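Asker: This is what each chain is made of:
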Amino acid sequence: MSRRSFLRGCAAFGGVSALAASLAPLRELGDYTNTEQFLQKYYKELTPSDMTKVITRIEGEVERQYGIRPHVRDLKPMDGVEFVYALNLTRCIGCRKCVHACVKENNQSRSPEIQYIRVLKMPHGSMDVEKGNHNYDSKQVPEKGFFYMPIQCQQCKNPPCVKVCPVNATWQEKDGITVIDYDWCIGCRYCEAACPYWARRFNFTKPQIPKDKINPDMSYLGNRPRKQGVMEKCHFCIQRTRVGKYPACLEACPVGARKFGNILDPNSEVSYILREKRVFIQLKEEMGTSPRFFYYFDK
Amino acid sequence: MAKLDPSAQKRSGHTANYWLGGITVSFFSLTIFFAINSKPYVAAQLEIPLVDKKFLDTSPWRQTYADLVKAKEDLSDYDCYACHDKSKPPLIRYDTNQKIIIPKEHANIEMSHGAHERNNVCYNCHNEQNLNTLQVRDGKVVKFDNIPQLCGSCHGPTLRDWEAGAHGRTSGYWDRKLGDINRLSCANCHNPHAPDIPTREAAPGPRYLHEAPSHEPSKSHH
Chain A
1 MSRRSFLRGC AAFGGVSALA ASLAPLRELG DYTNTEQFLQ KYYKELTPSD MTKVITRIEG
61 EVERQYGIRP HVRDLKPMDG VEFVYALNLT RCIGCRKCVH ACVKENNQSR SPEIQYIRVL
121 KMPHGSMDVE KGNHNYDSKQ VPEKGFFYMP IQCQQCKNPP CVKVCPVNAT WQEKDGITVI
181 DYDWCIGCRY CEAACPYWAR RFNFTKPQIP KDKINPDMSY LGNRPRKQGV MEKCHFCIQR
241 TRVGKYPACL EACPVGARKF GNILDPNSEV SYILREKRVF IQLKEEMGTS PRFFYYFDK
Chain B
1 MAKLDPSAQK RSGHTANYWL GGITVSFFSL TIFFAINSKP YVAAQLEIPL VDKKFLDTSP
61 WRQTYADLVK AKEDLSDYDC YACHDKSKPP LIRYDTNQKI IIPKEHANIE MSHGAHERNN
121 VCYNCHNEQN LNTLQVRDGK VVKFDNIPQL CGSCHGPTLR DWEAGAHGRT SGYWDRKLGD
181 INRLSCANCH NPHAPDIPTR EAAPGPRYLH EAPSHEPSKS HH
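Protein sequences, first through last, are from chains A and B. Take the first sequence: its letter number 52 is residue 52 in this note's numbering, and every next letter is one higher. Take the second sequence: its letter number 87 is residue 87 in this note's numbering, and every next letter is one higher.
Derived pair list, reagent style DSBU-like, types lysine-lysine, alpha-carbon separation capped at 30 Å:
#1 Lys211(A) with Lys54(B)
#2 Lys213(A) with Lys53(B)
#3 Lys177(B) with Lys76(A)
Just a few of them, taken from the derived set where beta-carbon distance is under 8 Å, the chain B residues facing chain A:
#4 Thr24
#5 Phe27
#6 Asp175
#7 Arg200
#8 Glu201
Covered by chain B, per the in silico footprint, the following chain A stretches (three or more residues, Cβ under 8 Å):
#9 14-22
#10 103-110
#11 240-253
#12 267-274
Treat the hints as calculated values from the structure; they're not laboratory data. Computed from a prediction, not measured in an experiment: that's the story for all the values here. Note that CB positions come from ideal geometry on N, CA and C, so glycine has one too.
Could you put the whole structure together from the sequences, leaning on the hints where they help?
Answerer: Below is the structure:
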């Protein structure tokens, strides 16, 4: 072998190795995507047997990552049910217990912390959300001269977020819940920009959840763990409400300011509230989004 | 045509070899560098402390008499005739400002019911004929474990809302066909002697990805 061909050989070997090494980070993609997921069909086109496979894959992924076998379900909307949320502004004391009950129930990232609910501290005498402050750090609540207005996904009848999604990864189900397929989302964040309520959250980094804080009761369109680069938001606790339970934020509210139920049932609490109480607005009514989230007063 | 100088040709050959050698060495060092640094890029993250468990507690603020009975707690505090005389109802004393004087045996009672604490007559709710029961103003006797009826005798609209599920805490199933609900009673949240909800500690607010946790109240929105 001549010196020239030896050196050429060395250079070629070095070049190929450098290329291979520089591509090595791509191996990490395996953490959150694989062929099976890549070839998965659109949610609405999945047959029941496809869904079983998808759920088995998700259960395996969660178990590998968090060491806990979850119970993942694909819960469908119930017939004759349309969900409505009503929140009593006279009662809310701004304690933020709903915020943290939500994080716990829905497997949100703890670091960076993702919260679906923001509680605005608003001065009395104004409904202008621009005057609200969600970073208040009061030792004791409620403070004199303020009221508190929690804001989360309003589950609009006319959702702007759904219109802007370029891949149909988010849509409105017939019970009124706007859902996101985390496997279909491309992370363009158009929906975040379109939402007038700042209800959508983006996973900028890989979500971190301590293993002992995982809620194993999961649903496909609801609280299964998300991955980096997808959107998420309040989904009225699909894994609870579609089996008849109240959402977690309602259960946590210490003053009973949160009310939830089926608006198509005339005997439900929300029907009573919308009929009898002073329901003041749907938030940012002028946007024409027609939220299913109502704020009301007692007196 | 210039005559080729063999020594110059040889020198240019050497130069090419040096170049090739240099490139090879740099490729090798790049290989080693990439191999060492092939770990995925992890953004520097703030360690966000988990929220205090007390903010995740969803149990009721107070226990009612009915809760105590259910939990088989000590109910001796509710036996009024252990101290009081059955034949004569205890007297209520007031100071010159018409403020009730709470006897030292009942020092744990904080009286603050009604605007200007005007509901300060014990027998508005307690039954002077039988202290172990309560009474509505029209004389109807109510047991300790049935307080919504008593409270509702004055707070009618609130009782109506409570019965419809629009006032107070409810947990369980919105769909009554699938499960039961637990509707908390008046005294689970309100102290009957001082029914205003006291102030509470607020749970921590939002924490952002690239923002150090702030413990100062934000001034940006004022």
